[in-house]
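Go ahead and model the full structure; you've got the sequences and the hints to work with.
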Amino acid sequence: MNAATLDAPDFDAKAAARAWRPPPLIASAWLRYAIYLGALVYAVIAIGTIEVNWTRAAEGLERAGRFLGGFFPPDFTSKGDDILEGLLESLTMTVVATALGLILSIPVALGASRNLAPLPVYLACRAIIAVSRTFQEIIIAIVFVAMLGFGPLAGTMTLAFATIGFMAKLIAEDIEDIEAAQAEAVRATGGSWFQLLAWGVLPQVKPRLIGLSAYRLDINFRESAVLGLVGAGGIGDTLNTSFDRYEFDTAAAVLIVIIVIVLACEYSSGWIRRKVQ
Amino acid sequence: MAILTRADGTPDWRRRTPRADLLVWSGWFAAIALAVACFQFISERTIWDFVWDAPAQGADLVSRMFPPRWSYANQLWKPLWDTINIATIGTGLAVLIGVPLAFLAAHNTTPSLLLVRAPVLFIIVASRSINSLIWALILVIILGPGMLAGILAIALRSVGFIAKLLYEAIEEIDATQVEAVSATGASRAQVLGWAVVPQVMPAFAGITVFRWDINIREATVLGLVGAGGIGMQMQASINVLAWPQVTMIFILILGTVLVSEWLSARVRHGII
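First to last, the protein sequences are chains P and C.
For what it's worth, the working numbering labels the leading residue of the first sequence as 677, then goes sequentially.
For what it's worth, the working numbering labels the leading residue of the second sequence as 380, then goes sequentially.
Keep in mind that a hint or two might mislead.
Straight line, CA to CA, 30 Å or less: simulated BS3-like cross-link-like pairs of lysine-lysine [said to hold, decoys possible]:
{"#": "1", "chain 1": "C", "residue 1": "K543", "chain 2": "P", "residue 2": "K882"}
{"#": "2", "chain 1": "P", "residue 1": "K882", "chain 2": "P", "residue 2": "K951"}
{"#": "3", "chain 1": "C", "residue 1": "K457", "chain 2": "P", "residue 2": "K951"}
Computed list of chain P residues with no C-beta within reach of chain C, every gap over 10 Å [claimed, not checked]:
{"#": "4", "residue": "W706"}
{"#": "5", "residue": "Y712"}
{"#": "6", "residue": "T725"}
{"#": "7", "residue": "L760"}
{"#": "8", "residue": "A775"}
{"#": "9", "residue": "L786"}
{"#": "10", "residue": "N791"}
{"#": "11", "residue": "E852"}
{"#": "12", "residue": "R863"}
{"#": "13", "residue": "L878"}
{"#": "14", "residue": "G887"}
{"#": "15", "residue": "S945"}
Calculated from the structure, these hints are not laboratory results.
Glycine included, every Cβ here is placed at the ideal spot set by N, Cα and C.
Quick look at the structure:
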């Protein structure tokens, strides 16, 4: 490039058109514009379906002021016992559900790995995973509350059930990706199926197993905070009660407690995962 | 690997030293003791009589739930469409807010580590730690029941998710490309547009579709607190114990979630 083009006073449209551009994400121009157009049409239709009651929203804004005012200052003391009770319930639910879910998810994960299990077992285990992952924890909680009655046990079972699908899917993927040579070596020494698991598979998936357990512990606490909405125990129960009684200062305190614990869980689970991986 | 010496002088190969063995076993013991103690706590708060007749209750529930009331589906298409719209518009809104936040939070693109990055990280964490159902609970009180509360709840929860994953992707980009573009004398905006954005585009598309998929699931239950979508019908059916209708709703949710998961997997597979 010489000085003349750099100093060119008038903008050279042809050169600009030839200028290099980063390649677009979707290579086919036809598909790209079809997607843009589709998205635009969808946005217009979808936004049209929102029925906003503006007068209600305007009233709401005024109420929001009072509502948010009710949040401050957060009141940790007057319902302190309830908050502590809910918190302990949530924490114990989290621990038991993670432990139980982990124990149950390992056989399912082994069954869902194509390189370890025969086809019928594989399909059955994949079906368990699909059912457990499809439904929101809240929906499962409704069923468990109907069966087991109100209280933290229903919440624990819900979280354990959700843990099975999550852990089994990710562990099965990891087992399918293991180095086949190491498993082969264990088999070649005449090791039984269980010895193959202990010496050929487990050492390879262990870091991920620990990392995922820490991650799931973190998720289970978060979820335990909402299960109370359908009566499945935990700090969500406390939160829901305080909303129902219009005790917004207590609700604010509960929200702050949840955020702090989630933060602590997230940092410690991140730390564990970095440590093992 | 530890080598101990037996009494007769031959080496004995062990996986761990006795000390490490003891440590591992006491670790297991502590973990099991904690789980048992926690279960004890839960057990004290459980009415076991209700639990023992759970098999009977479960069988009863299943017998009530089947057969599903297929004709009820006609009333469900509109709420289902609302549910999909809540998830999609919510995700769109979250992208609009989350993307700028991600650029403000990433180490290599933030204008100021202390003044901008720290508060933005706090916003991201606060958004992520509160479940969308709790956001919906709060928004329904402020805005009244309806789709708008649901959309905003989904958006508020997704902002943190999208911003967190995207800023991590931005921090992992190849620095040499950035250097190459800045070496040509490009401005900050040009460096962003030509060196940073093209590198994070695939990650961005993957994150957005992934979150959309999660949001479809979450939008199905927002109706439980009055924030629109198919969850409202679910709540109404449960309240009147119309279990065949609930089964019908579960079937529709299962179908929608499977389709959205398949779609999101296809798109992510196509990009990465």
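Could you work out which of the previously given hints the structure breaks and list their numbers from low to high?
Numbers 3, 6 and 8 - these are the hints that the structure violates, sorted from lowest upward.
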